[in-house]
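Trainee: If you're matching them up, the sequences are chains A and B in order. Residue numbers for the first sequence follow full-length UniProt numbering, beginning at 1 and rising by one. Residue numbers for the second sequence follow full-length UniProt numbering, beginning at 1 and rising by one.
Where hints are given, some of them may not hold.
For identical chains, the list gives no copy identity; a pair is met inside one copy or between any two copies.
As the list claims (entries may be wrong) - Straight-line alpha carbon distances no greater than 27 Å define the calculated DSSO-like cross-link-like pairs of lysine-lysine that follow:
id, residue 1, residue 2
1, K137, K60
2, K28, K137
3, K127, K44
4, K60, K141
5, K141, K28
6, K44, K28
7, K44, K60
8, K145, K28
In case anyone wonders, no lab produced these hints; they're calculated from the structure.
Each chain, written out:
Protein chains: 2
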Amino acid sequence: MSFMKEALEEAHMAYLKGEVPVGAVIVKDGVILSRAHNRREELKSPLAHAEIIAIDNASKVLKNWRLNGCEMYVTLEPCPMCAGAILQSRLSKVHIGTFDPTLGACGSVLNLLNNENISRIINVQWKYNDECSEILKDFFKMRRKSEK
Amino acid sequence: MSFMKEALEEAHMAYLKGEVPVGAVIVKDGVILSRAHNRREELKSPLAHAEIIAIDNASKVLKNWRLNGCEMYVTLEPCPMCAGAILQSRLSKVHIGTFDPTLGACGSVLNLLNNENISRIINVQWKYNDECSEILKDFFKMRRKSEK
Chain A
1 MSFMKEALEE
11 AHMAYLKGEV
21 PVGAVIVKDG
31 VILSRAHNRR
41 EELKSPLAHA
51 EIIAIDNASK
61 VLKNWRLNGC
71 EMYVTLEPCP
81 MCAGAILQSR
91 LSKVHIGTFD
101 PTLGACGSVL
111 NLLNNENISR
121 IINVQWKYND
131 ECSEILKDFF
141 KMRRKSEK
Chain B
1 MSFMKEALEE
11 AHMAYLKGEV
21 PVGAVIVKDG
31 VILSRAHNRR
41 EELKSPLAHA
51 EIIAIDNASK
61 VLKNWRLNGC
71 EMYVTLEPCP
81 MCAGAILQSR
91 LSKVHIGTFD
101 PTLGACGSVL
111 NLLNNENISR
121 IINVQWKYND
131 ECSEILKDFF
141 KMRRKSEK
């Protein structure tokens, strides 16, 4: 099973709700512990990014704030808030579907997950996937159209 | 009324629960919208820092993910996750009681709130307060003792 495909399914759910289409799943030992999509408008919360909701759910499943041994698959490069949450959660690895040139905090604009000033390092694996960027381009094209 | 004192009261509540003692309040037009303390162990969530809970509550009060015009008073310099959440929430100003030399993301280790690579800038006001650092020193001294 492709976990990035599962994250993409979540991104599609966000798209259908009119949310910026980003999805994430958290996996441990080959099993999906939690899955989420961006719900910022729906929940009216600046915290409701896919990664934050997925981390919150995974902690609830494991009854532990430490997610060592877990891996996240996320369709878009995490922002500083989400990269910081990944550091706090001790996730072991993050697989990223496409980069974010405006606020990406895993190498594009900043690098919080492998930063010489921060003692913790998170393993990042880039898994470029055209669908992860296409769904975002479609979304913003549609939004610009509807704003006209 | 000193809003930093209110944030310190929250830090004291965390201390009494055995949590790293950090507190935060969010204020709009001179009124406290939300108040919170670190509850990471209690909630078993890596997200349950004082700032994150305070932002979540303030968004619920305002029914809006944008906290423009709101100011946060926090006893300890926010970490990358919390500084990132402050960026996402559009808080107008953050007042900080003491610095965090290990993970502070508002000038000590990183500077996310006034960073040339990020288009948004948050006004930071340092309000050094001995009590904000003393309560942390006491907490870690007590914890080291009990670990022996």
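Trainee: Starting from the hint list further up, note which numbers the structure goes against and sort them upward.
Mentor: When the structure is compared with the hints, numbers 1, 2, 3, 4, 5, 8 turn out to be violated.
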